[in-house]
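S.K.: Residues per chain, in single letters:
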Amino acid sequence: QSSESDENDNAKSTDPLAPLEETAKVVIAEDGSASGAGFYIAKDKGYFEKYNIEVEFATFGNSDEMLPAVAAGEVDVAGGISSASFFNSIAQGIDVRFIADKGHNNEGSSYFTFVVREDLKDDITDYEDVKGKKIAVSTQNAVDHYIYNEMLKHANVSTEEVEFVLMSDFGNMMSAMGNQQIDLALQIEPLITQGENQAIHQRFLDATDYAPEAQIAMVLGSPKFLTERRDVAVRFMAAYLQGVRDYHDVFIKDIDDNGEVISIMANHTALKDEDLWKEVGVTGLNPNGYIFEDDVEKQYQFYKENGAIQGELDFDTIIDMSLVEEALDIIGTYEE
Amino acid sequence: MSKIQIEQLSKRFVKRDKYIEALKDITLTIKQGEFVCLLGPSGCGKTTLLRILANLEKPSTGDVIINQTDKKKPLQSMVFQENGVIPWLTVEENVAFGLKMRHLSNDFVKERTEYYLQKVGLSKFRRLYPKELSGGMKQRVSIARAFANDPEILLMDEPFAALDEQNKFILQEELLAIWQETRKTVLFITHSIDEALLLSDRILLMSAQPGKIIKDVAIEMNRPRSIEKVRSDPEMTKIFLDIWEQLQSEVKQTRLK
Amino acid sequence: MSKIQIEQLSKRFVKRDKYIEALKDITLTIKQGEFVCLLGPSGCGKTTLLRILANLEKPSTGDVIINQTDKKKPLQSMVFQENGVIPWLTVEENVAFGLKMRHLSNDFVKERTEYYLQKVGLSKFRRLYPKELSGGMKQRVSIARAFANDPEILLMDEPFAALDEQNKFILQEELLAIWQETRKTVLFITHSIDEALLLSDRILLMSAQPGKIIKDVAIEMNRPRSIEKVRSDPEMTKIFLDIWEQLQSEVKQTRLK
Amino acid sequence: MFKKLKTQSLPQLITISSPIFLLLLWEICSQYALLDPRFFPAPTLILTTLIQMAESGNLFEHIYISLTRIILGFALGVIPAICIGLLMGMYKYFRHFFSPIIMIFMPIPTLAMLPIILILFGIGEFSKMITIAISVFFPVAINTAAGVANIDRIYLDVAKNYHANAKDFFFKIALPGSLPVMLEGIQMGQAIALLTIVAAEMIGATSGIGYLIWMNYKAFLLPQMYVGLILISFFGYFFSLLLRGFERKLLPWK
Amino acid sequence: MFKKLKTQSLPQLITISSPIFLLLLWEICSQYALLDPRFFPAPTLILTTLIQMAESGNLFEHIYISLTRIILGFALGVIPAICIGLLMGMYKYFRHFFSPIIMIFMPIPTLAMLPIILILFGIGEFSKMITIAISVFFPVAINTAAGVANIDRIYLDVAKNYHANAKDFFFKIALPGSLPVMLEGIQMGQAIALLTIVAAEMIGATSGIGYLIWMNYKAFLLPQMYVGLILISFFGYFFSLLLRGFERKLLPWK
Ligand SMILES: Nc1ncnc2c1ncn2[C@@H]1O[C@H](COP(=O)(O)OP(=O)(O)OP(=O)(O)O)[C@@H](O)[C@H]1O
Ligand SMILES: Nc1ncnc2c1ncn2[C@@H]1O[C@H](COP(=O)(O)OP(=O)(O)OP(=O)(O)O)[C@@H](O)[C@H]1O
Ligand SMILES: [Mg+2]
Ligand SMILES: [Mg+2]
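Protein chains in written order, with the working numbering: chain X, 1 to 336; chain A, 1001 to 1257; chain Y, 2001 to 2257; chain G, 3001 to 3254; chain B, 4001 to 4254.
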């Protein structure tokens, strides 16, 4: 399929990035998390508009709930995590793909990492201390579960020696911490910073210690979007990567843009306090769009070992970097 | 001239595997303009007979013929025991109900309704709903509705049973007044011998289940009648005691079963 | 010996800003063992008077004295118009209700209940619930309950109003039979002059609102009485017509208002 | 059981004071940290947040959007429910056909219906309204059918005796006669519509009171979440009163 | 309106055939892909899945756990609801005190209550039962109060006339007299308890029918999710029948 689209592209390569003749609408499913930075910035800075693309956000409770919408063609692009359900739905013939990075941890300041309850922060200081504790994780057989598993492996603690508490919502973890129902939780920004400020929990070491290349979130593309609307998709990706690069400039390279990116982020996410944005561990976003393919495969193996995967699938068709590559051909590669 | 002719009528109800024989071999002729009262012990089939005449029930065997003299008039209208007044219609709408159902001209409906509201003395209460009326007023509405519909015959099923004795008498008088004007054929069910004596030209007495006509008494007292006259008349007292005795023996027969 | 003494009793109801004068200056003495019927137009305050005697309502002014001869007996028990039978209790439990409320010994309750069930002919139906009873049977339960409680006086508010004429008479006979045995003091409300003539030693006639006692007639006919005797007796017919006339004029007065 | 004039204002006093009492208790508990103020922010703080949100302007947009969804979704559920309910009440074959279907679908939680709704109706406004409509449908249909079935037989006899045709029967007897019970069902449906808004606004919404509640909870902005809860509670109360008033207008004969 | 002997089996036939008809329609639509079989797996497939899950054994554990939660949570809601409802019905000051509180809390969706329940009651079994209990509480309390308030005045007069003391009044009049309306509320509460199980099992559950539904949905194992829905639907039907039977036992006088 990818070769086919290459041909498509070659036919139009005379003027690859001219705005579309007709305004195209792209619906993006989001859960309001910070990892959607690329979308938000590209929208507010007019990168999508430049290509005559109109984007619309649809918010869902979590990424699993987006899948049927992507499959049904209700949305074109979604932010999602790798999970057993994702692989299962592909096995069911729902042809969704990972098309770009939408979140990995930056070394030493992970945006998705364990936190320890405030009153236990002096008791649980190192990995071996997690033995016998109650640990809240937001999904089973998804990236959370995988990172949890990596952490335990790193700590040399078996799964039987801790209590796994499934908690459907990150907000619930805050409540459960406050109520002393759990000891540790795999929490996400900006709730990590917020909880630290409210003395609910503290960061517990860092996820990059044991899962440095964990691919946490990815951009998903609907099959229809990737094939039938290829010309829209390429422009969309180019705009998205430009948004991600602006984000990278501000948060990683510390280039000052007079707070424009931060105000966009505050506007689109639940973290409204612009000053806090300087404190939080921001989501890592690859300015070149590539994802950690090996890690995704590792996660897949993990789910499979857990018996959560039904049916076999061809891994090559799941990760589709052709769109990123096409876009990079046109906008060039970002230099660190 | 016979207005209602009932021949060899019988009615059976099926209740699970049991048959209830409600009416048996009723043969009966009622003349045009006659006011006939039907008396009988409870459960003897009076209501069933009336419902058959009203076409709300089908006879099991036998025939019922109502002589229609005017094709434009409805055959019969019924005055129900109580609660026959529709609670979500106003007094006026209730009285107009039969006419409205026949889709007559608005002017005509209005005029008829007005006339009968006046007759039963409810003009002032036309906009009220039945819940705001006393029991007697409700039955007035029911009677006005039936008369306004101007049917060939009127069927009344214990219309005054739920009223207290004094109100009952007032309504009886009113009914007689309207009836005297229109001279409709009326079949009237009651449990009260006094009521029957006051109102009717003829009293039919029914036996306990299965209902048969066991007595047919003509009441020849002059009209207009009044309770005082009925009570003071020794002839009437004789008829009363006569019917009383027979009724009592029918009732006791029911109780023994 | 006077059993009930009512002096200068009056009762006013407050309805929003309006006063309703239900009873006015009632002074009355009822002797031990007397059967008194209270007659009057609708809304004249009969029920109100009974409720005051039953301690369900407080008088506005005046006094009510019921002479208690036996401290162990309850002062009064009431038979309600209809629906007074509690639907979630069986016939037996309903009859035993008053006794149970007084927490008497089980054996005693059982024996009394049994006795009065027998009296009203409901022994066979003891385990049934009221919904399975006819109107007449329900009122029998109500009467049995009141008598079983063995009160000093019995208060009855139109107990037979909802029954048909034949059933009414059967119950009247039964009531008289039980009463003759116990000779309780009874205050009985009715709208029916015939009923009053049949049952009572004394008829009190009330005026339209505000209720006052306007006539006090002693009925001296021998007991046991029957409808036939009452109807055939010219003296009784005279009393009937007399009360009728007075009642009619009171009723008409109410309608004019 | 006795009513005196001077005591008539006491009940009103109690009625007003009980929520105030509750609020005061909450305020004190929260202020003195008897209740964890991180999770139970003081009512005064919630009120301040409410005012801030109202001033920033988009609170009214959330309210407007949710009310539109609730009202249209409600209508979308109530109208077919009344039609089917009336048919079920009037024709026994309809009743026998539909009642098992209703019995089967009624116990299925709205939350569990969301994926199916999403697949069938997408993520637009319509799917949110459908979510509300489905949850409203059942109580209204059942009550309407019960309303028709419970019309006193005597009125059917009256209609028949006076030769009412099918149309007159429907408009003069079946519809008004079933109205009181039907309105009970609608009252219930209204309550359920509000209960469902949070679930409905979990699929692809970007605004609305339900969205406000769960988005703010996800972000752990509890005062804002409580503002959402208070709004729901307020509208629940408001709609109840509205429907009661409506009922009194519609049923002058009750 | 006429009943003949031979037609009496027809209604039953229709009642049975309508769900079968629906299932057949679904099966055909799914088999011939008129409905997307990825989202609407054929009933036969769901049935096979059900059997497989039953054979593997832990289906019964899920059922057992959910039923325990539903039944205990139901009891936990119904008992205080009846007590408060009776008090509200009997004493007007109670009524005036509690009714605004009930009016305020009733419209708040269970889903929105989850965080608060979690904070107050943690993540154990108890919090799941409380979730169910809260949702059951309101309809039962309201109906109980209405039941007492609607007892015909004449029975109160009878009790007073026969000198019933407070205890007798309560057990012989107030309680049995309010029972029919109260049971209506309990029937509603039962329906709501089932509707709430999915929400309740969103807080820290690892088993139960609700967990089965949303976990399998999250894992995109739709046939398994449908098994969960069918179970809920089945138990909804079953409990309704059970309560109806119970009602007939409890109200022989109705
Ligand atoms: N629809 C029905 N199905 C079965 N039995 C019926 C039906 N209608 C009446 N019956 C029975 O037929 C008999 C006669 O009933 P009907 O109502 O005609 O008596 P009635 O003379 O009007 O009594 P009442 O004086 O009490 O009104 C009764 O035994 C009754 O139970
Ligand atoms: N609780 C009350 N509040 C206000 N007014 C009342 C109350 N009870 C009775 N009344 C009024 O007092 C008057 C007398 O009523 P009561 O019920 O005693 O009449 P009654 O003689 O029993 O009438 P009926 O023969 O119709 O039973 C009526 O005008 C009635 O409206
Ligand atoms: Mg009859
Ligand atoms: Mg009275």
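FYI, nobody ran anything at the bench for these hints, they're computed from the structure. C-beta: ideal position from N, C-alpha, C; glycine also. Hints may be right or wrong, so weigh each one.
[As the list claims (entries may be wrong)] Which chain A residues face chain G? A few, computed with CB under 7 Å, are given here:
1. A1054
2. L1056
3. F1080
4. P1087
5. W1088
6. F1097
7. G1098
8. M1101
9. L1104
S.K.: Each hint: holds or not?
M.R.: Hints and how they fare:
At its closest, the beta carbon of A1054/A sits 6 Å from a beta carbon of chain G; the interface hint therefore holds under the 7 Å criterion. A cut of 7 Å between beta carbons decides the hint on L1056/A: the least distance to chain G is about 6 Å, and the hint holds. The beta carbon of F1080/A is positioned within 7 Å of a beta carbon in chain G (closest approach about 6 Å), and the interface hint is therefore held. Among the interface hints, the one on P1087/A holds; its C-beta lies about 5 Å from the nearest C-beta in chain G, closer than the 7 Å criterion.
At about 4 Å, the closest approach between the beta carbon of W1088/A and any beta carbon in chain G falls short of 7 Å, and the interface hint on this residue holds. The interface hint given for F1097/A holds, since its Cβ lies 6 Å from the closest Cβ of chain G, which is under the 7 Å cut-off. Given hint, G1098/A at the interface with chain G, holds; its Cβ is 4 Å from that chain's nearest Cβ, closer than 7 Å. Because the smallest distance between the Cβ of M1101/A and any Cβ of chain G comes to about 5 Å, under 7 Å, the interface hint for this residue holds.
At about 12 Å, the closest approach between the beta carbon of L1104/A and any beta carbon in chain G exceeds 7 Å, and the interface hint on this residue is violated.
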